[in-house]
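Peer 1: For chain A, the structure is supplied; the task is to place chain B on it using the hints.
There are 2 protein chains.
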Amino acid sequence: MHTVNNTNLNNVGFVSVSDMLSLLQHIGTEAFLLGLVEYLEQDYLRWELFDKSPRFASHSTDGVIELMPTSDQQQFSFKYVNGHPKNTRIGLQTVTAFGVLADVQSGYPLMLSEMTILTALRTAATSAMMAKYLAPKEAKTMAMIGCGAQSEFQILAFKVILGINQVRIYDIDRTAMLKCQQNLANQGLDIILCDSAHEVVKGAEIITTCTADKRNATILTSDMVQDGVHINAIGGDCPGKTELEAALLLRADVFVEYEPQTRIEGDIQQLDSSFVVTEMYKVIRGDRKGRSFAAQLTIFDGVGFAIEDFSALRYVHDLIKQQSSHQQLELLTNQANPRDLFGLLTPATQATRLVVGA
Amino acid sequence: MHTVNNTNLNNVGFVSVSDMLSLLQHIGTEAFLLGLVEYLEQDYLRWELFDKSPRFASHSTDGVIELMPTSDQQQFSFKYVNGHPKNTRIGLQTVTAFGVLADVQSGYPLMLSEMTILTALRTAATSAMMAKYLAPKEAKTMAMIGCGAQSEFQILAFKVILGINQVRIYDIDRTAMLKCQQNLANQGLDIILCDSAHEVVKGAEIITTCTADKRNATILTSDMVQDGVHINAIGGDCPGKTELEAALLLRADVFVEYEPQTRIEGDIQQLDSSFVVTEMYKVIRGDRKGRSFAAQLTIFDGVGFAIEDFSALRYVHDLIKQQSSHQQLELLTNQANPRDLFGLLTPATQATRLVVGA
Numbered sequence: 012m013h014t015v016n017n018t019n020l021n022n023v024g025f026v027s028v029s030d031m032l033s034l035l036q037h038i039g040t041e042a043f044l045l046g047l048v049e050y051l052e053q054d055y056l057r058w059e060l061f062d063k064s065p066r067f068a069s070h071s072t073d074g075v076i077e078l079m080p081t082s083d084q085q086q087f088s089f090k091y092v093n094g095h096p097k098n099t100r101i102g103l104q105t106v107t108a109f110g111v112l113a114d115v116q117s118g119y120p121l122m123l124s125e126m127t128i129l130t131a132l133r134t135a136a137t138s139a140m141m142a143k144y145l146a147p148k149e150a151k152t153m154a155m156i157g158c159g160a161q162s163e164f165q166i167l168a169f170k171v172i173l174g175i176n177q178v179r180i181y182d183i184d185r186t187a188m189l190k191c192q193q194n195l196a197n198q199g200l201d202i203i204l205c206d207s208a209h210e211v212v213k214g215a216e217i218i219t220t221c222t223a224d225k226r227n228a229t230i231l232t233s234d235m236v237q238d239g240v241h242i243n244a245i246g247g248d249c250p251g252k253t254e255l256e257a258a259l260l261l262r263a264d265v266f267v268e269y270e271p272q273t274r275i276e277g278d279i280q281q282l283d284s285s286f287v288v289t290e291m292y293k294v295i296r297g298d299r300k301g302r303s304f305a306a307q308l309t310i311f312d313g314v315g316f317a318i319e320d321f322s323a324l325r326y327v328h329d330l331i332k333q334q335s336s337h338q339q340l341e342l343l344t345n346q347a348n349p350r351d352l353f354g355l356l357t358p359a360t361q362a363t364r365l366v367v368g369a
Numbered sequence: 012m013h014t015v016n017n018t019n020l021n022n023v024g025f026v027s028v029s030d031m032l033s034l035l036q037h038i039g040t041e042a043f044l045l046g047l048v049e050y051l052e053q054d055y056l057r058w059e060l061f062d063k064s065p066r067f068a069s070h071s072t073d074g075v076i077e078l079m080p081t082s083d084q085q086q087f088s089f090k091y092v093n094g095h096p097k098n099t100r101i102g103l104q105t106v107t108a109f110g111v112l113a114d115v116q117s118g119y120p121l122m123l124s125e126m127t128i129l130t131a132l133r134t135a136a137t138s139a140m141m142a143k144y145l146a147p148k149e150a151k152t153m154a155m156i157g158c159g160a161q162s163e164f165q166i167l168a169f170k171v172i173l174g175i176n177q178v179r180i181y182d183i184d185r186t187a188m189l190k191c192q193q194n195l196a197n198q199g200l201d202i203i204l205c206d207s208a209h210e211v212v213k214g215a216e217i218i219t220t221c222t223a224d225k226r227n228a229t230i231l232t233s234d235m236v237q238d239g240v241h242i243n244a245i246g247g248d249c250p251g252k253t254e255l256e257a258a259l260l261l262r263a264d265v266f267v268e269y270e271p272q273t274r275i276e277g278d279i280q281q282l283d284s285s286f287v288v289t290e291m292y293k294v295i296r297g298d299r300k301g302r303s304f305a306a307q308l309t310i311f312d313g314v315g316f317a318i319e320d321f322s323a324l325r326y327v328h329d330l331i332k333q334q335s336s337h338q339q340l341e342l343l344t345n346q347a348n349p350r351d352l353f354g355l356l357t358p359a360t361q362a363t364r365l366v367v368g369a
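As you go down the protein sequences, you meet chains A and B in turn.
12 is the number of the first residue of the first sequence in my numbering; add one for each residue after it.
12 is the number of the first residue of the second sequence in my numbering; add one for each residue after it.
Hints were generated in silico from the structure; no laboratory data involved.
Each statement offered as a hint is correct.
Remember, identical chains collapse to one label, so a pair may be satisfied in a single copy or spanning two.
No more than 20 Å apart at the CA atoms, straight line, and that leaves these computed lysine to aspartate or glutamate pairs for EDC-like: (1) Lys293 to Asp264; (2) Lys97 to Asp114; (3) Lys97 to Asp351; (4) Lys151 to Asp238; (5) Lys151 to Asp201; (6) Lys293 to Glu49; (7) Lys143 to Glu290; (8) Lys151 to Glu41.
Bound-form chain A, shown alone (with noise of 0.2 Å):
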């Protein structure tokens, strides 16, 4: 890869993987979280201001491409990221991706980023911020069932902003548990692994559930849940894809992010479309009640919402300006000339552009 020296060309702020891992290690990743989680509670106070549609999703027979654009008229963003649950057989991800910030006053791309492990630090971090309207005042135990990559994200984050120092962990796939408890052995946390979703949820005041699978599943019955309990459900975020029995939605509060996508892809759409469902940025902006007595019932049916991609993009922007993990991308033109674009193809041009070429 060359270095571009030339002021001919406009350069784009691009974060590698590798650039991601270097800023999570300088600042810390317990640090990001508390950090993504104001810029998180930011821009949910100003929900109105933000453009906001359903996700543009192009489906295939084996997973699904999504593009979520938003923008606070200020700035615009995009993520682009895939969900295919049969990569693992293969050696790849279920989930990668990758982001976009923009200046909309000038449409020029202000910065690319990995959205890899953004994604699963601002989806962690959603969780635990909703959690901090809807759980139970000094839970310190929460099940997991689902240890899979966002795990242990979803763990760490819940530490950090809710105190949660027990974690009681379930998964199908003994070696995904193993996995799970290892990443955390140094994190001051009680890790207890359990043989079933009965055995896991027992005595947890917050439960999380996070699985891949892309189909209806029940992983957590109504009768497996006392009342007073928070759950966190993650794992069902696409059509034809939940993980909570009807009946349990129907005995609880049920919290969203951006109801019209809610309806199409959560653990709602099991439900008639006359099912009540609060969507929290009247909660965060104290309009509406979240948690309000100890017997109630909360449920965050999370799916994921391009203001999140948005908040986790203004913030790794935010950051890189003051730390050196970023590259510069030679990805726009930026001739003297706006008009003259044929220029840049030109003979007499390209001898003097074209020495930094491959």
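Peer 2: Using the frame of chain A, we list chain B on its own:
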């Protein structure tokens, strides 16, 4: 920028602006256009295989940011493109673009490419391809109204694909005309500068309108155009932005790319939706006639469609397999265990991985 040699990472091909210019220099711009027209025709011939939707547009006071996705079930592509007419006042491009080609089966991105230059090439190649079916046989003279960033690309494509050898050009800004003349000085073209739109169209068998004002303008009125001419109208490409007088459209046979998008964005947005237009894939496939008699007035109301960007990205992706004109971007994680994303953040892993970091 550091070189990445780490099997833990998964790279995506990257074609920068310099890489694109190197590729064009290596192949030759005329040969590139010829090849691109082949790819465009291949994809128009299998039109029904593609997912099609009007592009996603985020409008703001000064412009628009668009995402243009499509898929043939084997590959998925999208383009990010902005349109900000006032940008040139501060030395920025009106239009910048980049795009991604991805593999549908895994959902993984394959290539990220600059598309500011590539969009100019694909727009020109598309216009010339359409003109093969619509322009008078043996046409030698084209009138060009608007000498902005797209103009030379259009002229070169019409020379290469149709054999145009005389070009009459006009722009309200004389320096733009001189730039266009100078850029095409050694292309074997007879270039005639004109003082008005009325003058420029005289004797032209093909008229291209390519102006940038974001408003309903009337660049070409019906009385200016004789029967038998082909009009390549590409500047009217967004709601509230048109170039042709309605009376001219009503006199002509109008051909479009994807009718639902052109009804919103094209010159035909001025007309009732009952006005009959022909989608060009039917003509290219031989199901409908293009030009069928000498006195026929034909109009290609071009707005730019996602399948054309797909063709352009597919073409560049095939070309870079044989050329060195690209780089590798460390955009994706590729840890040994796909479910162990968090392991990338743990100190043991970081110690070995971050030696390449900034």
